[in-house]
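Engineer: Now for the letters of each chain:
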Amino acid sequence: MLLIKCPYCEEERPELEFRNAGEAHLVRANPIIEQSDDDFAGFLYFRQNPKGLQFERWRHIHGCGRFFNAVRDSVSDKFLTVYKAGEPRPDLNTLLSPVAAEPEPPATKRTRAKKVEV
Amino acid sequence: MVEIVQATRRHPLQAGQLDVASVSVTLADNATRVSLRAKDNAVSALSKALGVTLPMKPKTTATNGGRAALWIGPDEWLIIDNAESGVIADLAKAKVLHSAVDISHRNVGIIVNGRGAAAVVNGGCPQDLSLKAFPMGAASRTVLGKIEIVLWRTGEDAFRVECWRSFSNYAYAFLQESARDVAI
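Line order of the protein sequences matches chains D and L.
The numbering of the first sequence is the numbering used here, which starts it at 1 and goes up by one.
The numbering of the second sequence is the numbering used here, which starts it at 119 and goes up by one.
To give an idea of the chain D side of the interface with chain L (calculated C-beta under 7 Å), a few residues:
id: 1; residue: C9
id: 2; residue: E10
id: 3; residue: P14
id: 4; residue: L16
What the hints contain is simulated information worked out from the structure, not anything from laboratory work.
Every residue, glycine too, gets a C-beta built ideally from N, C-alpha and C.
If we strip away everything but chain D, and leave its shape as in the complex, we get:
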């Protein structure tokens, strides 16, 4: 079973207590009324879903109930770090430097595609 560290409970807990809550750091436009339909569709529906490192929201739903953010490798399922909601996204290069042998290149922030090729 995967052990996930909850930044609020300050310890590793079994994955059964957690629920994934999708991509992290999605910012709602303000004012949203001025956003184009395409941009709004991008905000609402289209996700990066990268192979490799990704920023995710998780919820410790059967524990403290809090949402928090995590950096997880979607290939190996390895959690690089977790941090509380509202905290800035950690720098991937500093996260990766202790593990120089990490095969995955650090995923850089890509601008969200307005249209997705299916």
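We have chain D; now place chain L onto it with these hints.
Structural biologist: Relative to the frame of chain D, chain L by itself:
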């Protein structure tokens, strides 16, 4: 030669009869339970009103007499006291912003007591229940099989399992089955 072991046939409705000597699974007395939510700045006033210092560290509890406060989340506590206590009335004396919801009848308490109690709970709860990771007085919301519970270690070999009342049949049968499995 292969030895054939005959499994004991157990009637499915025997769940209510636990024929294990080392560990017991019993119902807790009726209790007053309050779900208390408040921000940091209200904690001291609420602690004073309750007579229990609300624990601020994860997975900890504080007790005063029969009244206990269990840390559930960064701004959430479960208060448990005996059935006749006036927890809500006491909390009403605190004039700071907080939310106190009486959930006495929402929850059912089950006591697991005796040798191997941790193993009984671990039959359905994936948390590390060693004394180092989950010492006496530790409490946490977690899972038991398919349901969510609040687990509170009241002694080295004693746990209180709080579950929602509609799940209580499941939790009770589950813990009894688990107790049979780990009986020593």
